[in-house]
Amino acid sequence: MNVVDNKWIGQRTIRPDGVDKVTGRAAFAADTTMPGMIWGKVLRSPHPHARIKSIDTAKAEALPGVKAVVTARDVVDFTIPKGAVMLGIQDMRWMCRNVLAREKALFPGHPIAAVAATTEAIAAEACKLIEVDYEVLPWAIEIDDALKADAPVLHEWHKFDGKPSNIMARIEVKKGDIAQGFKDAEVVIERSFTTRPVHQGYIEPHACLISVAADGKTTIWSSSQGQFMVRAMTSMLTGIPQSDIRAIPAEIGGGFGGKTIVYLEPLATLLAKKSGRPVKMVMTREEVMRATGPTSGSKSTVKIGARKDGTIVAAHGSFYLQAGAFPGSPIRGAVGCSFAPYDIPHVLSEGFDVCSNRSKVAAYRAPGAPIGAYAVECVLDELAEALKMDPLELRLKNAAKQGTKAAHGPVFPRIGYIETLEAAKTHPHYSAPLGKLQGRGVASGFWFNAGGESSAQLNITEDGNVVVTTGHPDIGGSRAGIANICAELLGIDYKRISVIIGDTQTIGFSNLTGGSRVLFASAMVVTQAADKVISTLRERAAKIWDIDPDAVKWENGAAHPASPNAGQFEPLTLADLAEKAPSQGGPIGASVQLNTQGAEGGFGTHICDVEVDADLGIVRVIRYTAVQDVGRAVHPSYVEGQLQGGVAQGIGWALNEEYIYNKDGKVDNPGFLDYRMPVCSDLPMLDTVLVEVPNPKHPQGIKGVGEVPLVPVMAAVANAVHNALGRRFYSLPMSPPKVSAELDAPVQLAAE
Amino acid sequence: MAKLHVTTSVNGEPVEFLCEPYETMLDALRGQLGLTGSKEGCSSGDCGACSITLDDRLVCSCLMLAAEAEGHEIGTIEGMASGETLHPLQQKFLEHAALQCGICTSGMLVASAALLKKSPDPSEEEVRFWLAGNLCRCTGYDKIVRAVMETAAEMRQGIQEAAQ
Numbered sequence: 001m002n003v004v005d006n007k008w009i010g011q012r013t014i015r016p017d018g019v020d021k022v023t024g025r026a027a028f029a030a031d032t033t034m035p036g037m038i039w040g041k042v043l044r045s046p047h048p049h050a051r052i053k054s055i056d057t058a059k060a061e062a063l064p065g066v067k068a069v070v071t072a073r074d075v076v077d078f079t080i081p082k083g084a085v086m087l088g089i090q091d092m093r094w095m096c097r098n099v100l101a102r103e104k105a106l107f108p109g110h111p112i113a114a115v116a117a118t119t120e121a122i123a124a125e126a127c128k129l130i131e132v133d134y135e136v137l138p139w140a141i142e143i144d145d146a147l148k149a150d151a152p153v154l155h156e157w158h159k160f161d162g163k164p165s166n167i168m169a170r171i172e173v174k175k176g177d178i179a180q181g182f183k184d185a186e187v188v189i190e191r192s193f194t195t196r197p198v199h200q201g202y203i204e205p206h207a208c209l210i211s212v213a214a215d216g217k218t219t220i221w222s223s224s225q226g227q228f229m230v231r232a233m234t235s236m237l238t239g240i241p242q243s244d245i246r247a248i249p250a251e252i253g254g255g256f257g258g259k260t261i262v263y264l265e266p267l268a269t270l271l272a273k274k275s276g277r278p279v280k281m282v283m284t285r286e287e288v289m290r291a292t293g294p295t296s297g298s299k300s301t302v303k304i305g306a307r308k309d310g311t312i313v314a315a316h317g318s319f320y321l322q323a324g325a326f327p328g329s330p331i332r333g334a335v336g337c338s339f340a341p342y343d344i345p346h347v348l349s350e351g352f353d354v355c356s357n358r359s360k361v362a363a364y365r366a367p368g369a370p371i372g373a374y375a376v377e378c379v380l381d382e383l384a385e386a387l388k389m390d391p392l393e394l395r396l397k398n399a400a401k402q403g404t405k406a407a408h409g410p411v412f413p414r415i416g417y418i419e420t421l422e423a424a425k426t427h428p429h430y431s432a433p434l435g436k437l438q439g440r441g442v443a444s445g446f447w448f449n450a451g452g453e454s455s456a457q458l459n460i461t462e463d464g465n466v467v468v469t470t471g472h473p474d475i476g477g478s479r480a481g482i483a484n485i486c487a488e489l490l491g492i493d494y495k496r497i498s499v500i501i502g503d504t505q506t507i508g509f510s511n512l513t514g515g516s517r518v519l520f521a522s523a524m525v526v527t528q529a530a531d532k533v534i535s536t537l538r539e540r541a542a543k544i545w546d547i548d549p550d551a552v553k554w555e556n557g558a559a560h561p562a563s564p565n566a567g568q569f570e571p572l573t574l575a576d577l578a579e580k581a582p583s584q585g586g587p588i589g590a591s592v593q594l595n596t597q598g599a600e601g602g603f604g605t606h607i608c609d610v611e612v613d614a615d616l617g618i619v620r621v622i623r624y625t626a627v628q629d630v631g632r633a634v635h636p637s638y639v640e641g642q643l644q645g646g647v648a649q650g651i652g653w654a655l656n657e658e659y660i661y662n663k664d665g666k667v668d669n670p671g672f673l674d675y676r677m678p679v680c681s682d683l684p685m686l687d688t689v690l691v692e693v694p695n696p697k698h699p700q701g702i703k704g705v706g707e708v709p710l711v712p713v714m715a716a717v718a719n720a721v722h723n724a725l726g727r728r729f730y731s732l733p734m735s736p737p738k739v740s741a742e743l744d745a746p747v748q749l750a751a752e
Numbered sequence: 001m002a003k004l005h006v007t008t009s010v011n012g013e014p015v016e017f018l019c020e021p022y023e024t025m026l027d028a029l030r031g032q033l034g035l036t037g038s039k040e041g042c043s044s045g046d047c048g049a050c051s052i053t054l055d056d057r058l059v060c061s062c063l064m065l066a067a068e069a070e071g072h073e074i075g076t077i078e079g080m081a082s083g084e085t086l087h088p089l090q091q092k093f094l095e096h097a098a099l100q101c102g103i104c105t106s107g108m109l110v111a112s113a114a115l116l117k118k119s120p121d122p123s124e125e126e127v128r129f130w131l132a133g134n135l136c137r138c139t140g141y142d143k144i145v146r147a148v149m150e151t152a153a154e155m156r157q158g159i160q161e162a163a164q
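Here the protein sequences come in this chain order: G and U. Oh and the first sequence: position 327 is 327 in the working numbering, straight run, nothing missing. Oh and the second sequence: position 141 is 141 in the working numbering, straight run, nothing missing.
Hints in this document: simulated from the structure, not taken from any laboratory. Careful, some of the hints might be misleading.
As the list claims (entries may be wrong) - In silico lysine-lysine, DSSO-like type, Cα no more than 30 Å apart, as pairs:
#: 1; chain 1: G; residue 1: Lys128; chain 2: U; residue 2: Lys3
#: 2; chain 1: U; residue 1: Lys3; chain 2: G; residue 2: Lys59
#: 3; chain 1: G; residue 1: Lys159; chain 2: G; residue 2: Lys148
#: 4; chain 1: G; residue 1: Lys174; chain 2: G; residue 2: Lys580
#: 5; chain 1: G; residue 1: Lys580; chain 2: G; residue 2: Lys553
#: 6; chain 1: G; residue 1: Lys82; chain 2: G; residue 2: Lys163
What the hints assert, rightly or not - Cβ pair distances, simulated, as ranges:
#: 7; chain 1: G; residue 1: Asp20; chain 2: U; residue 2: Gly31; range: 18 to 24 Å
#: 8; chain 1: G; residue 1: Glu570; chain 2: U; residue 2: Arg146; range: 42 to 48 Å
#: 9; chain 1: U; residue 1: Glu161; chain 2: G; residue 2: Pro582; range: 47 to 53 Å
#: 10; chain 1: G; residue 1: Lys553; chain 2: U; residue 2: Glu161; range: 46 to 52 Å
#: 11; chain 1: G; residue 1: Asp463; chain 2: U; residue 2: Glu125; range: 46 to 52 Å
#: 12; chain 1: G; residue 1: Ala58; chain 2: U; residue 2: Thr85; range: 42 to 48 Å
#: 13; chain 1: U; residue 1: Glu125; chain 2: G; residue 2: Thr426; range: 26 to 32 Å
#: 14; chain 1: G; residue 1: Asp20; chain 2: U; residue 2: Ser44; range: 24 to 30 Å
Glycine included, C-beta positions come from ideal geometry on N, C-alpha and C.
Please work from the sequences and hints to get the whole structure.
Okay, structure coming up:
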């Protein structure tokens with residue numbers, strides 16, 4: 001491990017893209033124009049569920065200023081009988097139907113057609129002139145409605161248990177025999193929970209600007225969590241080969257998983273191709289809320305059995321997750337992560353993927369895991385209460401550690417879960433006094449973390465500085481981490497390193513910014529590229545000095561003669577060697593492409609204090625501490641930022657965020673005023689404790705950190721509310737109306 | 001309908017433009033004036049990403065008509081630094097990592113600068129309520145609040161030292 005005497009790894013350097021972002025210069029998706037550019041708009045379904053009998057675009061096409069109209073007929077059809085065509089975790093049969101409705105409209109907001117015109121106003125006007133003949137069908141929004149025997153079925157071709165059903169899939173993970181396990185239990189707690197779908201809530205709406213030349217050469221400017229995903233999906237949906245599509249990653253204004261699929265890019269590409277003009281499309285906030293994201297709502301039942309000494313002997317979870325209009329809810333995260341922090345001999349964890357008439361879910365920070373952890377960690381709180389044990393002690397007694405076989409398969413290597421529990425237990429927060437109507441809760445969480453494909457190109461400039469290019473959009477400061485690592489490896493000031501995100505035609509394939517994988521994977525490819533460059537630099541110095549390359553060492557940004565030639569020659573710096581490069585073998589650089597392995601899961605433990613306003617039903621978080629095993633904090637500020645951001649999102653999910661549907665099956669709160677994300681005055685400072693147990697499978701010890709911080713939050717808040725009020729809430733959000741109703745209930749009973 | 005002719009000042013420079021009567025200040029800034037530092041997150045005044053100043057008053061430019069700029073002084077994020085010298089808030093946001101994706105940052109900085117002009121010694125609560133109209137989904141606000149408080153302290157110190 002090369003982390004003992006780090007000069008740059010662990011420093012709070014200024015991020016490479018920082019000045020652009022504090023001066024307004026950074027170019028996000030909606031910030032660019034092209035000569036001759038026109039505007040695209042989407043016509044969306046007003047119905048939750050309707051068969052599309054016909055679409056007549058003639059009047060729209062005749063409107064002056066309209067340059068192109070597209071419908072599902074223009075999109076490549078991945079037919080259902082031909083079976084799944086997967087791109088990552090997305091089935092293109094659903095993607096092609098999500099970008100433009102084909103047989104049926106499946107949610108209000110489902111795109112029906114798209115128009116490009118010389119102004120936004122004309123495009124919007126043209127959308128109104130498109131005549132769609134709908135056969136309106138009965139619909140189901142909530143899980144229980146979608147599961148009823150007589151529920152309207154979204155995908156009639158699909159059968160579950162031999163019958164048409166909205167249950168699209170069932171998965172399970174299993175260890176031991178729960179029947180046997182529960183026989184051994186002396187205390188058993190079983191509870192059911194519900195959570196609401198919540199939106200990722202990125203502040204930047206989806207946007208793109210696309211040009212298609214007469215020869216089909218396509219340039220896409222958009223913000224996403226993966227320019228290669230944008231290229232591949234656009235190619236598959238339009239038939240343009242990937243080699244003709246240059247997808248340029250704009251700065252991305254938040255994603256949290258929600259920008260891992262395309263919405264606008266295929267439409268704008270088709271409109272640009274038809275019209276011969278560059279097409280810009282920008283969603284309104286209302287479109288974002290109606291037709292993108294969210295993550296699943298859920299209903300879960302969790303049963304945990306333990307011996308009186310606190311040893312957990314059996315656990316059973318069943319998790320029903322809303323997928324929205326098309327299959328693909330994150331059941332794997334709920335099923336696999338929920339019990340992973342614990343060493344339990346008998347586990348059965350089942351997940352059900354349920355379609356209903358709401359927008360197709362998209363990934364959201366540790367997809368599925370926070371839903372599972374909410375149920376499990378609340379049951380553990382009740383178990384601790386029943387056993388009269390401290391909740392952290394109960395977790396410590398059952399904590400997974402090196403050698404524990406998780407129910408979802410892997411045997412854990414050295415992990416830092418116990419360290420997070422111990423750090424939480426000894427943190428001053430855990431023993432601080434509480435006031436009236438205040439309470440404290442704890443909860444833990446696990447997320448898989450991902451590795452996968454990444455590429456890096458590291459070039460030494462002619463003046464002896466460094467340009468390093470990778471292929472992952474930087475959402476939260478990953479360029480700062482890459483700069484620190486590069487500076488460390490090359491032994492030069494981080495300011496001499498320019499960190500660039502390449503487009504699809506200038507850097508090798510790099511998978512999504514997702515799964516907490518970016519710095520883990522980038523660091524691996526950048527490390528190998530730096531090693532190659534250093535090796536070249538040593539060879540060049542050896543040649544100049546006419547000694548063996550093995551007798552040259554690279555230190556502090558320069559080649560030094562080592563024994564037996566130590567001290568014989570003046571060191572050659574990066575600038576010296578760059579200057580001499582033309583006569584000594586040419587340009588210096590290296591490129592590396594890997595399918596990275598060894599991304600180990602991450603664990604966190606959170607402590608939350610709340611105060612309940614009994615008159616208004618408002619729950620306020622008054623103190624919060626997030627402890628996490630982060631592997632190695634390459635740039636501590638941005639690691640802390642990941643923890644703080646995840647916690648804030650979890651507090652929103654726990655206390656306020658939810659879609660409110662009206663009687664027509666439409667979202668009634670598609671904006672930031674009524675969809676209530678935490679604002680600055682809602683939150684206290686969010687303390688973090690970074691536990692560093694290095695990942696043994698990574699050159700710098702890096703683990704993913706971005707997603708774990710959302711996993712424990714809702715349970716930590718719920719357990720704190722219970723501690724404050726002595727009552728438990730089994731459904732989220734614990735919003736003022738719900739809390740007020742609960743607080744008023746016994747009073748009303750008494751009055752009766 | 002004919003376009004309206006507007007004569008105004010943006011970041012201290014005289015500016016003239018034509019706009020539709022229904023056009024927002026944000027559209028004018030981002031469109032024909034080419035100042036895309038102000039962002040559109042909601043177009044309903046709920047996210048604050050489009051924050052600008054109108055004669056030193058903090059406003060959401062998505063809620064202001066472009067025609068209303070006539071005769072007034074507009075300040076945007078692009079006018080915050082002087083040449084290569086960043087405003088102390090900009091510098092402190094960088095040092096504190098008070099931004100992640102950066103989409104809210106322009107609005108946060110414009111709003112924070114407006115606060116410090118009005119209230120050079122704000123309490124944490126004051127900062128939090130002043131910035132309650134500026135949504136950030138990435139940071140949980142912790143580092144933003146710290147950056148604003150620390151900048152305020154340093155700016156007060158700077159004024160004191162200048163006076164001595």
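Cross-check of the supplied hints:
For the proposed pair Lys128 of chain G and Lys3 of chain U, the alpha carbon gap of about 25 Å is at most 30 Å, so the pair holds. The suggested pairing of Lys3 of chain U with Lys59 of chain G holds, with an alpha-carbon distance near 28 Å, which does not exceed 30 Å. For the proposed pair Lys159 of chain G and Lys148 of chain G, the alpha carbon gap of about 14 Å is at most 30 Å, so the pair holds. The hinted pair formed by Lys174 of chain G and Lys580 of chain G fails the criterion: a straight-line CA distance of about 62 Å is larger than 30 Å.
About 18 Å separates the Cα atoms of Lys580 of chain G and Lys553 of chain G, which keeps this hinted pair within 30 Å; it holds. The suggested pairing of Lys82 of chain G with Lys163 of chain G holds, with an alpha-carbon distance near 21 Å, which does not exceed 30 Å. Between Asp20 of chain G and Gly31 of chain U the beta carbon distance is about 21 Å. The supplied range of 18 to 24 Å therefore holds. Distance hint check: the CB atoms of Glu570 of chain G and Arg146 of chain U are about 46 Å apart, consistent with the given range 42 to 48 Å.
Taking 47 to 53 Å as the suggested C-beta distance range, the pair Glu161 of chain U and Pro582 of chain G conforms, at roughly 52 Å. Roughly 48 Å separates the CB atoms of Lys553 of chain G and Glu161 of chain U, a value that falls within the hinted 46 to 52 Å. Look at Asp463 of chain G against Glu125 of chain U: about 50 Å separates their beta carbons, and that is inside 46 to 52 Å. Evaluation of the 42 to 48 Å hint for Ala58 of chain G and Thr85 of chain U yields a failure: the beta carbon distance comes to about 59 Å.
Range check, Glu125 of chain U to Thr426 of chain G: Cβ separation about 30 Å, and the 26 to 32 Å hint holds. For Asp20 of chain G and Ser44 of chain U, the hinted distance range of 24 to 30 Å is satisfied, since their beta carbons lie about 27 Å from each other.
In the structure shown, a violation is registered for the earlier hints numbered 4, 12, in ascending order.
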